[in-house]
Amino acid sequence: MTAHRSRGSEGAAPSADTSPRRSRDRRALLRGDRERARISLSITPMIDVVFQLLIYFLLTAGLVAKERNLRAEMPPETAEAAAEPDPFALDTEPLVIRVDPSPDAARARISLPSGLATPRDVAELERILRDARFDEARAGGLFPADHPIRIAAAPEARWEDVVGVFNAVIAAGYRSVAFGGGS
Amino acid sequence: MPRDRSKFPPAAIEANLTPMIDVTFLLIVFFALVSRMSDSERADMDLASVPPGASAQADEDSRVILNVIPASDGAIGGYRMQGSVFDATPDGVARLAESLAELYRRNPNLAVNLRADRSSMYRWIEPAMRATTTAAMLAGGDALPRLNLVVVEDAPSTAGSTATSTTGGAR
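Here the protein sequences line up with chains A and B, keeping their order.
By our numbering, the letter at position 34 of the first sequence is numbered 34, and the numbering carries on one by one without gaps.
By our numbering, the letter at position 69 of the second sequence is numbered 69, and the numbering carries on one by one without gaps.
No wet-lab data here; the hints were simulated from the structure.
Some clues are possibly wrong.
Claimed, not checked - Which bits of chain B does chain A cover? Going by a derived footprint, with three or more residues having C-beta under 8 Å, they are:
(1) 22-28
(2) 47-58
(3) 83-92
(4) 116-123
(5) 127-133
To be verified - Label pairs and their calculated CB-CB ranges:
(6) B/GLN57 <-> A/ASP135: 21 to 29 Å
(7) B/VAL152 <-> A/LEU41: 42 to 50 Å
(8) A/PHE134 <-> B/ASP73: 40 to 48 Å
(9) B/ARG105 <-> A/GLY140: 42 to 50 Å
(10) A/PRO103 <-> B/VAL85: 44 to 52 Å
Keep in mind it's a predicted model, so treat the numbers as computed, not measured.
Backbone N, C-alpha and C fix where the C-beta goes; we use that ideal spot for every residue, glycine too.
Start from the sequences and build out the full structure, keeping to the hints where you can.
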């Protein structure tokens, strides 16, 4: 290319060369380039879109909080059972845990029956209830694991406090938990 | 001996993008499969957070999601289940129980996943819990109401347990 140009430019100004031979060569060169040209697909926009999708999934996948369940099996409330209670069933006095909203504090006020310490939060409630649970492996304990426990939440109590108490009772090893009687 | 450059035309340097595109598409397919897309069944709310230990991994089989739609100051805007909204009134709760009963008739082993905002007052959530037992009674048969209180944990845990629960007054 360089040699071709230098030969053609001998003795004349480079920009003024308009001879017929030079035009033919240029057309041939252009024709040759066109034959060698490859058909290519521009994939840059596709890569852009693909990376946008990738970044979207990367960002959204980790932000969804994993939900978990506190399982509870509700007793079947049949009409016969409600109308005609079992006369031979022993009525066990449930352990009542009161949950009341505290106006001056963010956390609710949790109250246990007399004889048990007053917990400051749900973590302490779980410890107290675990210590009070009867266990054959260790000495002490007042209540068996199937002792009925009733969570008496005030109507104004926050749901997180009520669920926190339920979670603490289950974590302490009790299996029979009731809601109600808080109003 | 110097090399004759005319015999060696300059090589065209090209990056082969095909493997990169393959890997990128594989990553997209992977994330599309494993990530949970925004679920229209789940209302947007701030779930209660509990310490790990007692909650179990959410089971997606045979369950219906009952949302207690939060409003300001602990109030609620109603109950939402399968796209239907029920008012926070005695009539709305009765209609909710009837809808639940219809679901219990079709599937007696149905579990109700109760989702409520952490700041909602208990007074609005207790009727939804009671509606599950009422629905089981309306459905008849041997339907055992299973209620799952949906929470989030501070740290992942695989432990879980099941409790027998009742709503209402003291037994």
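(request) Mind listing which of the numbered hints don't hold for this structure, in increasing order? (result) 3 and 10
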